[in-house]
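A.B. asks: Please model the entire structure based on the sequences and the hints provided.
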Amino acid sequence: MIRSGGTSLALTALVLALAALLPLAGSPYWQSIGISIAMFAVLTTSWALFSGPTHYISLATAAFFGVGSYTTGMGIELLPYWCLPPIAGVLGAAMAALVGLATLRLSGVYFVIFTLGLAELVRQIIIWFQNFSGQKGLYVLTKITEAQIYWQLLGLAALVYLAGWAIGRSRLGFALRIIGDDEQVARHSGINTARAKVALFMISGAAAAVVGAILAPRYVYIEPATAFTPMLSFQVVIMALLGGTGRLWGPVVGVIPFTFLWEAISSSFPNQTTLLLGVCFLVIVYVLPRGFVGLIEAVRRRVAAREGVA
Amino acid sequence: MTGAPPTLSLRGATKRFGGLVAVNALDFDVAEHEVMGLIGPNGSGKSTTLNLISGALGCTAGTIALRGVPIHRLAPQDIARRGVARTFQLVRLLPSMSVLDNVRAGAVFGHRRRWGDDAEAQAMRMLELVGLGRRAQAPVGQLTYIDTKRVELARALAGDPKVLLLDEWLAGLNPTELQEGIALIRRLRDEGRTIVLVEHVMDAIRSLCDRCVVMSSGTKIAEGTPQQVLADPEVIRAYLGDDDA
Ligand SMILES: Nc1ncnc2c1ncn2[C@@H]1O[C@H](COP(=O)(O)OP(=O)(O)OP(=O)(O)O)[C@@H](O)[C@H]1O
Ligand SMILES: [Mg+2]
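Keeping their order, the protein sequence lines are chains A and B.
So in the numbering used here the end of the first sequence lands on 310, straight run, no missing numbers.
So in the numbering used here the end of the second sequence lands on 245, straight run, no missing numbers.
Everything labelled a hint here was simulated from the structure, so no lab data went into it.
Only a predicted model underlies this, so the values are computations on that prediction, with no experimental measurement involved.
By construction, the Cβ of each residue, glycine as well, lies at the ideal position given by its N, Cα and C atoms.
Take these hints with a grain of salt, some might be off.
Across the chosen pairs, the derived CB separations fall in these ranges [unchecked claim]:
hint	chain 1	residue 1	chain 2	residue 2	range
1	B	Pro-175	A	Gly-278	50 to 60 Å
2	A	Tyr-139	B	Arg-73	30 to 40 Å
3	B	Phe-17	A	Gly-108	47 to 57 Å
4	B	Ser-207	A	Ala-10	36 to 46 Å
5	B	Ala-75	A	Arg-171	14 to 24 Å
6	B	Pro-175	A	Arg-306	41 to 51 Å
C.D. replies: Set out below in structure tokens:
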């Protein structure tokens with residue numbers, strides 16, 4: 001299972017370095033697609049770090065993302081921008097720790113529902129506070145350019161891949177694979193399953209919060225309904241499943257085609273996006289239960305088998 | 001009896017499932033290097049007793065101590081780390097992993113924790129011990145039934161546990177496999193391991209156990225050497241039913 005680390009690291013670095021050249025093309029359309037892809041690459045990869053091995057489907061992405069957005073929205077008046085994404089990361093990790101400790105002992109179904117409710121809960125709390133202050137939303141006025149947002153997201157993606165690679169080679173990564181196979185065996189082998197799951201959930205929560213913090217300046221005006229939209233959580237799950245969660249590079253394989261598909265859907269059928277999202281989900285689950293990764297590996301195995309016979 | 005506490009000691013261990021008392025105020029000790037047989041008819045509470053010791057279930061009442069230190073309130077992972085390892089009556093392997101990785105799980109996270117080459121070498125040693133050295137890279141889905149049992153045993157052994165709990169490890173084997181299985185456990189015994197063995201196979205009990213505890217309906221009805229307990233009229237009655245006594 002432990003793959004030769006050097007080549008995959010070098011390859012990832014190369015791809016990221018090439019991707020970093022995109023703003024030089026000077027096309028606003030491609031810049032915007034690039035931001036979407038980078039954003040979802042981080043969200044899905046960090047999501048899969050936790051959900052891939054544990055099989056716990058988290059719908060909390062929107063909650064972490066929204067908390068990150070609000071960290072920038074509220075902090076920008078008080079602190080220099082550069083310290084806001086790290087603060088958002090800490091807040092996201094802390095929130096994930098609380099949620100994880102409260103729910104990860106429960107079975108998968110309760111976890112899904114709880115995480116879906118979490119975004120709504122945080123959103124309602126913010127709305128409640130806004131009733132006191134009388135504001136509806138926040139203006140996030142900065143001089144940060146689209147290209148800078150994009151580069152920050154690429155930097156974050158590099159961090160997430162590095163973290164995923166390190167975890168895959170660590171005891172923690174091995175523990176999670178065991179938990180994913182049989183939690184009972186994991187516990188009886190001496191693994192603190194709750195701690196391992198919470199640790200990974202914190203990493204994915206922190207990453208999603210940092211993404212929210214980085215993207216807030218792009219939206220200029222943020223309000224609870226957009227910052228905490230549940231659609232985001234579902235998109236992340238769908239893209240990650242489309243790519244496949246069995247490999248670190250799996251989710252991004254789903255992100256790239258889905259981003260283009262989504263672009264087409266939301267420009268052609270702006271009022272049916274939710275419906276079409278649901279349809280995409282069903283199609284993926286039925287046609288590609290293990291995502292592109294599963295497909296690629298099945299093809300590889302077939303080719304290998306044929307060569308073995310010949 | 002010297003002053004040192006026994007390796008494992010149960011006092012009044014009790015487990016209730018609603019109205020059913022599956023384990024009723026059970027007392028017994030297991031000394032170091034001892035092989036203790038836990039026997040009794042179906043449904044008498046043997047697996048439940050192992051579940052109490054390994055922490056899979058919490059005790060309703062009573063205490064369980066490992067070398068004098070209470071463990072009955074600990075979570076299974078903490079009990080495992082302190083040196084209690086087990087196999088399951090229905091074999092549980094890690095289906096997505098190779099034989100070696102299954103055993104490595106025990107070596108990495110068990111009582112004595114290892115990592116890297118050290119863990120791999122330990123896992124290989126355990127596979128050699130159970131006679132599976134050559135199948136290390138095989139996926140577990142390809143194994144025969146006895147080999148799945150061997151993998152589970154190797155995984156339990158890989159953390160150098162102080163006590164090994166085997167739940168009907170010999171059940172379901174054919175006569176040839178049974179002889180191999182008994183020989184394997186005898187080898188563990190000769191290595192001086194401390195074992196609690198739940199078993200129905202009388203040959204195995206006679207040849208492997210230093211002492212036996214006999215359970216019936218959750219209660220201990222006899223304790224002693226295999227010869228003593230198997231000759232005990234109450235034990236015979238428990239096994240055969242009242243009519244035959
Ligand atoms: N989780 C549970 N919930 C309710 N009742 C249980 C549970 N586990 C075991 N029991 C009951 O407790 C009693 C003892 O079961 P246990 O599995 O310990 O027996 P056993 O001696 O291992 O039997 P066998 O030889 O068939 O494996 C049985 O009546 C069983 O139905
Ligand atoms: Mg049993």
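A.B. asks: Hint by hint, note whether the structure agrees.
C.D. replies: Right, here's what the structure says about each hint:
no., hint, in the structure
1, B:Pro-175 / A:Gly-278: 50 to 60 Å, "holds (58 Å)"
2, A:Tyr-139 / B:Arg-73: 30 to 40 Å, "violated (54 Å)"
3, B:Phe-17 / A:Gly-108: 47 to 57 Å, "violated (25 Å)"
4, B:Ser-207 / A:Ala-10: 36 to 46 Å, "violated (59 Å)"
5, B:Ala-75 / A:Arg-171: 14 to 24 Å, "holds (18 Å)"
6, B:Pro-175 / A:Arg-306: 41 to 51 Å, "holds (42 Å)"
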